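Enquirer: With the hints as extra help, turn the sequences into a complete structure.
Numbering (the UniProt record's numbering), first residue to last: 1 to 272.
One or more hints might be untrue.
Claimed, not checked - Derived pair list, reagent style DSSO-like, types lysine-lysine, alpha-carbon separation capped at 30 Å: (1) Lys161 x Lys54; (2) Lys242 x Lys167; (3) Lys242 x Lys54; (4) Lys83 x Lys242; (5) Lys54 x Lys167; (6) Lys242 x Lys169; (7) Lys83 x Lys167; (8) Lys54 x Lys83; (9) Lys54 x Lys169; (10) Lys161 x Lys242.
What the hints contain is simulated information worked out from the structure, not anything from laboratory work.
Please read these numbers as outputs of a predicted model, since none were measured by experiment.
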Amino acid sequence: MTAAQVESMLDSETVAAFRRDGAVALRGVFSAEWIAELRDGVARNMAEPGIYAKGYTPEGRPGHFFGDYCNWRRIPEYEDFLKNSPAPDLAAELMGSRTVVLFHEHVLVKEPATEERTPWHHDLPYYCVEGRQTVSLWVPLDPVPRATCVEFVAGSHEWGKRFMPTKFKGQAYDRADAELEPLPDIDAQRGEYEILGWDLEPGDAIAFSFLTVHGAPGNLQSGARRRAFAARYCGDDVVFVKRQGEVSPPFPDVRLAHGDRLRGEDFPMVRG
Numbered sequence: 001m002t003a004a005q006v007e008s009m010l011d012s013e014t015v016a017a018f019r020r021d022g023a024v025a026l027r028g029v030f031s032a033e034w035i036a037e038l039r040d041g042v043a044r045n046m047a048e049p050g051i052y053a054k055g056y057t058p059e060g061r062p063g064h065f066f067g068d069y070c071n072w073r074r075i076p077e078y079e080d081f082l083k084n085s086p087a088p089d090l091a092a093e094l095m096g097s098r099t100v101v102l103f104h105e106h107v108l109v110k111e112p113a114t115e116e117r118t119p120w121h122h123d124l125p126y127y128c129v130e131g132r133q134t135v136s137l138w139v140p141l142d143p144v145p146r147a148t149c150v151e152f153v154a155g156s157h158e159w160g161k162r163f164m165p166t167k168f169k170g171q172a173y174d175r176a177d178a179e180l181e182p183l184p185d186i187d188a189q190r191g192e193y194e195i196l197g198w199d200l201e202p203g204d205a206i207a208f209s210f211l212t213v214h215g216a217p218g219n220l221q222s223g224a225r226r227r228a229f230a231a232r233y234c235g236d237d238v239v240f241v242k243r244q245g246e247v248s249p250p251f252p253d254v255r256l257a258h259g260d261r262l263r264g265e266d267f268p269m270v271r272g
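Expert: Right, dumping it as structure tokens:
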């Protein structure tokens, strides 16, 4: 797909909404073939979990909440999608970036009757990167009604704040960064924020900044699986940083120095 074709898919209002609100729904940007390939990849991933795979549902509770990341080099369906689908070109257009670097992928599956929420958070403080030109493409592999859709606090990417990362099971990360603040209680103050969420179909995606505060309910109302694949990309201004404590993903083998551009086998350039 050429850049001109991607630009025709993303009108100026969509790009403006992404940059203004920090999150926007993209309609019909992935073909059925790409969705089928990702479904095959997720099936492979769940049958052969990676070293970072987690189950967030306690034993004896209904449903199942599965998460895993950084598997693209061992799951060919993921690598093909991340490099060769429209995703990198969409990322370039949204970020306004000449280059697009693959940061990682993240799979989140909530089976029917799963009660566990994805807690409110924003992603950048978890990560070993800093910069403004970032985007995650959250790609549903099943129909997602608004009631089970991931939600976003509009404009939170412009708050100028960094919030303490919290693990999905509720523990705070071991971090000493002085600028990190406690996250506001979004649910207790929902009326004070503009909360974004959408009804989604396979082929749609949600694009959001690494700084946008977001969270997701359990999967109690749909009666169907909620499989989602998140592709995470970085642009021209993003650099590697060494945080003061635990980060996720950990990238234990990366040998970049603080302030280096993202490069190498772990962070391949996919456009530019």
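Enquirer: Now tell me if each hint is right for this structure.
Expert: Status of each hint after checking the structure:
Using a Cα cut-off of 30 Å, the hinted pair Lys161 and Lys54 holds, with the two alpha carbons roughly 28 Å apart. Annotation: proposed proximity of Lys242 to Lys167 holds, straight-line Cα distance about 19 Å (limit 30 Å). The suggested pairing of Lys242 with Lys54 holds, with an alpha-carbon distance near 24 Å, which does not exceed 30 Å. Only pairs whose Cα atoms come within 30 Å are accepted, and Lys83 paired with Lys242 is accepted, the gap being roughly 26 Å.
With a C-alpha separation of about 11 Å, the suggested pair Lys54 and Lys167 falls inside the 30 Å cut-off, and the hint holds. Under the criterion of a C-alpha separation no larger than 30 Å, the hint pairing Lys242 with Lys169 is consistent with the structure, at around 24 Å. The straight-line distance between the Cα atoms of Lys83 and Lys167 is roughly 29 Å, inside the 30 Å bound, and the hint therefore holds. Restraint check: the Cα-Cα separation between Lys54 and Lys83 comes to about 25 Å, which is no more than 30 Å; the hinted pair holds.
Note on Lys54 and Lys169: the hinted pairing holds, with a Cα-Cα distance of about 10 Å set against a maximum of 30 Å. At most 30 Å may separate the alpha-carbon atoms for a hinted pair to count; Lys161 and Lys242 meet this at roughly 18 Å.
This entry satisfies every hint, going by the numbered hints stated previously.
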